[in-house]
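Protein chains: 2
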Amino acid sequence: MMKPINWMRVAGLALGLAAGSMAHAYDGLVEKKVFTIPSFTTVGGKTIRNVRIGYETYGTLNAAGNNAIFVAHYFSGNSHAAGKYKASDAAPGYWDSVIGAGKPFDTDRYFVVSADSLVNLSTKDPNVVTTGPATIDPDTGRPYGMRFPIVTIKDFVVTQKALADALGIKKFVAVTGASMGSLQAMEWASSYPDMVERVIPVIPGGLEANPYLIAVADEWAMPIYDDPKWNGGDYYGRDEPLHGVAEALKLVTISSRAPGWSQRTFGREFAVAGADPVASWDYKYKVSDALDKAGAARAGFADADSFLYLVRANQTFRIGQGATLEEGVARIKAKVLAIPASSDRLLFPEYTTTMLDDLKKHGVVTELFTIPGDGGHLDGVTDIAKAGDAIRAFLAK
Amino acid sequence: MMKPINWMRVAGLALGLAAGSMAHAYDGLVEKKVFTIPSFTTVGGKTIRNVRIGYETYGTLNAAGNNAIFVAHYFSGNSHAAGKYKASDAAPGYWDSVIGAGKPFDTDRYFVVSADSLVNLSTKDPNVVTTGPATIDPDTGRPYGMRFPIVTIKDFVVTQKALADALGIKKFVAVTGASMGSLQAMEWASSYPDMVERVIPVIPGGLEANPYLIAVADEWAMPIYDDPKWNGGDYYGRDEPLHGVAEALKLVTISSRAPGWSQRTFGREFAVAGADPVASWDYKYKVSDALDKAGAARAGFADADSFLYLVRANQTFRIGQGATLEEGVARIKAKVLAIPASSDRLLFPEYTTTMLDDLKKHGVVTELFTIPGDGGHLDGVTDIAKAGDAIRAFLAK
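Protein chains in written order, with my numbering: chain A, -11 to 385; chain B, -11 to 385.
Honestly, the hints are just simulated from the structure, not real lab data.
Note that the structure is a prediction, hence the values are computed from the model and not measured.
Treat the hints loosely; a few may be bogus.
No copy is singled out in the list; a pair is fine if it fits within one copy or between any two copies.
[Stated by the list, open to error] With a straight-line Cα cutoff of 30 Å, these simulated DSS-like cross-link-like pairs (lysine-lysine) come out:
1) K349 / K112
2) K217 / K385
3) K217 / K374
4) K217 / K74
5) K34 / K20
6) K281 / K349
7) K274 / K349
8) K74 / K34
9) K385 / K349
10) K348 / K321
11) K349 / K323
12) K34 / K272
13) K217 / K281
14) K274 / K34
15) K112 / K149
16) K281 / K321
17) K321 / K272
18) K274 / K321
19) K272 / K217
20) K274 / K217
21) K323 / K158
22) K158 / K281
23) K374 / K321
24) K281 / K348
25) K158 / K272
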């Protein structure tokens, strides 16, 4: 196993993220495993051969196969949800504060599984295994580029179902995930209602992408389309559109944060002491400088085309992926605990309110716990421990 | 007077804005006038010769010169706050619903003045008169480009003070403005405390730019910097960076709107019926298509460098433009009525809360009226009539 890239750490170095929520490591060492689907047919009817996805597991599946929990990851994340690959890793997986022995997702009781999504962003992270536009198309021997089929959140879930079957999982105690992970969690409950007892969508995106989110995601994608090096998606083996990807990831970071965090972390400090942006175009504020650097640092591990596929998957999300929202919602049998973040400026708490209203109309039993804080959307990743008791109680019901 | 460009109409055509708030025209016809400052020294100590700014007035100044109201405009706006240039104009000025005979800013009683800002965005609108990077530098005979001095919100206000003096105004009953106009209004109260009785900041940006706003404004500017045609700001007389400007204005529009408006106006409709974005990269959602078109339509009237100067002016805003916030706030003598919009996703209502807390600490008498709605930031422009009674009552105090 190669040296892992810890995204929270990359972002944290530049952005001064508190490391408090990462203090407790998963007890055992974890490893990335690989699952292969020889032939996968997308919801849209396209066939992809040799789909490979990485996954991690924490804990042990019981004989009945009914003590599993699935954790779907967020937009720029991957399946490293908990633990360390090596004891010397700087930080454990992103939700380690709630996954482990004695923790809310208790690995002494549950078998926790997470998987890298299709079209995962971080194709250059050696610990990510995914299939997407950067993958070699077996028919041509070259990367797919934008010829890769458009995939949906439901496609992500179908691959996860194949993995669950292969692992012998019969029932999920819960399916959970933050942000884009919350969409997958809700889709699980609709696609496989008899297999999912509970859903815990964190910083939820609702039951379909709000048109405002569609517009914001367009913003994110724009610098990639506008980078001449993007070249219609055919840049593999050449000078890649790193600037566009860096700007795109900067936009993601801004969307994922909030005024309180910005004020607390940077205030109105200048990037260089004494260099007031009023005086020269060469001067900037510390917040601008830090976000530039964080975007650039992450761009080196990311794939431009995969970013565009992820944007499209989020924009096209509607639970069930059918002609109406209702038919997707009506299939749900699971109980739902929604966990928005109070200061979320991307997937606003009002998206959760709308979702819960729609679920209740269809007779779904719902609960709500709001993560307090001023960190914005990312509080659902960094501060998930604040919801630990709510998760514990919900799993006991 | 040439045919006026009504920005609300340009945006409205593409974005389906309700025209309700524009139904009542200012009673008389108005005209754009021009005020000239032969030599203007910026707060930063740079001298600009022959500063020309356009302005409009509604109503009549009384003999004592103490019945004036100043209206500062928003980022992409100009001094056409009320009335029509010609009876056949499609729509009146943007705040016509509250400026006019018998309206809250009652032109039977008050002399209402508005002025085009320095570095105004819409240099190609024949009804905008401004001085900025697109202006010919008398020293070189060529447009300044990025050699124009960096200017601040306080500089805007200093030009407005010179105009007020020239008009014979001794005292303002109120200084008001939406968004960037709110910054100017607050600056007026700090720079000229004995001249300002009341301030009415609408969709307020607070007393200094929050670092989160600094980051969001960086986002807006990015597509211009990244457009190869921008060429370091020297594009005058050549092929201009229209794509960058269009993308920048699209970002401004998204920031100025909100989920409720997006849902109500577009829902998840496709740009072309039956053309589902799941099926092809050629297909998009109606919201994306409308925002693309609105950005492109506005880009033809806007100047790229001026956009960058406006971004910088907003980012560097601190009331008083001094070393500390306190010294700027401490000078204020005016009463303040703050009017945020409940669904504002750009200048969040929490910026108003922070501002009012800071003002109260310094003994300023404050009031708050929140515009209800789901339209986002732009509700402060389109739905100002909802605050009409609050404004009327405040002016009577």
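Against the structure, the hints come out as follows:
1. Taking the shortest Cα distances, K349 and K112 never come within 30 Å of each other, neither inside one copy (44 Å) nor across copies (52 Å).
2. Taking identical chains as interchangeable, the C-alpha atoms of K217 and K385 are never at most 30 Å apart, the minima being 53 Å within one chain and 61 Å between chains.
3. With identical chains, the CA atoms of K217 and K374 are never at most 30 Å apart, being 43 Å at best within one copy and 49 Å at best between copies.
4. In this homomeric assembly, K217 and K74 never come within 30 Å of each other (Cα to Cα): the closest approach is 37 Å inside a single copy and 49 Å across copies.
5. For a Cα distance limit of 30 Å, the shortest separation of K34 from K20 inside one copy, 28 Å, qualifies, whereas the shortest one across copies, 60 Å, does not.
6. In this homomeric assembly, K281 and K349 never come within 30 Å of each other (Cα to Cα): the closest approach is 46 Å inside a single copy and 37 Å across copies.
7. Taking the closest pair of Cα atoms, K274 and K349 come within 30 Å of each other only across two copies (28 Å); inside a single copy the shortest separation is 47 Å, beyond that limit.
8. Within a single copy, K74 and K34 get their C-alpha atoms no closer than 39 Å, and across copies no closer than 59 Å, so neither meets the 30 Å cut-off.
9. When the C-alpha separation of K385 and K349 is checked against a cutoff of 30 Å, the pair qualifies only within one copy, where the shortest distance is 21 Å, while the shortest distance between copies is 49 Å.
10. Taking CA atoms no more than 30 Å apart as the test, K348 paired with K321 passes inside one copy only; the shortest distance there is 12 Å, against 52 Å between copies.
11. Proximity of K349 to K323 under the C-alpha cut-off of 30 Å is restricted to the intra-copy arrangement: shortest distance 14 Å within a copy versus 48 Å between copies.
12. In the homo-oligomer, the alpha carbons of K34 and K272 lie at most 30 Å apart only across protomers (20 Å), although the nearest pairing inside one protomer, at 48 Å, exceeds that limit.
13. For the homomeric pair K217 and K281, the shortest alpha-carbon distances inside one copy (20 Å) and between copies (25 Å) are both at most 30 Å.
14. Within a single copy, K274 and K34 get their C-alpha atoms only as close as 47 Å, which misses the 30 Å cut-off; across copies the closest is 25 Å, which meets it.
15. In the homo-oligomer, the alpha carbons of K112 and K149 lie at most 30 Å apart inside one protomer (25 Å), although the nearest pairing across protomers, at 57 Å, exceeds that limit.
16. Proximity of K281 and K321 under a CA criterion of 30 Å is satisfied in neither setting, with 45 Å inside one chain copy and 42 Å between copies.
17. For the homomeric pair K321 and K272, neither the shortest alpha-carbon distance inside one copy (52 Å) nor that between copies (33 Å) is at most 30 Å.
18. Taking identical chains as interchangeable, the C-alpha atoms of K274 and K321 are never at most 30 Å apart, the minima being 48 Å within one chain and 33 Å between chains.
19. When the C-alpha separation of K272 and K217 is checked against a cutoff of 30 Å, the pair qualifies both within a copy, at 27 Å, and between copies, at 23 Å.
20. In the homo-oligomer, the alpha carbons of K274 and K217 lie at most 30 Å apart both inside one protomer (29 Å) and across protomers (28 Å), since each shortest distance falls under that limit.
21. Only within a single protomer do K323 and K158 lie at most 30 Å apart by alpha-carbon distance; the minimum there is 18 Å, versus 67 Å between protomers.
22. Taking the shortest Cα distances, K158 and K281 never come within 30 Å of each other, neither inside one copy (45 Å) nor across copies (50 Å).
23. Taking identical chains as interchangeable, the C-alpha atoms of K374 and K321 lie at most 30 Å apart only when both belong to the same chain, with a minimum of 27 Å there against 44 Å between chains.
24. Neither within a single protomer nor between protomers do K281 and K348 lie at most 30 Å apart by alpha-carbon distance, with minima of 44 Å and 38 Å respectively.
25. When the C-alpha separation of K158 and K272 is checked against a cutoff of 30 Å, the pair qualifies neither within a copy, at 55 Å, nor between copies, at 38 Å.
Violated hints, in rising order: 1, 2, 3, 4, 6, 8, 16, 17, 18, 22, 24 and 25; the structure is consistent with all others.
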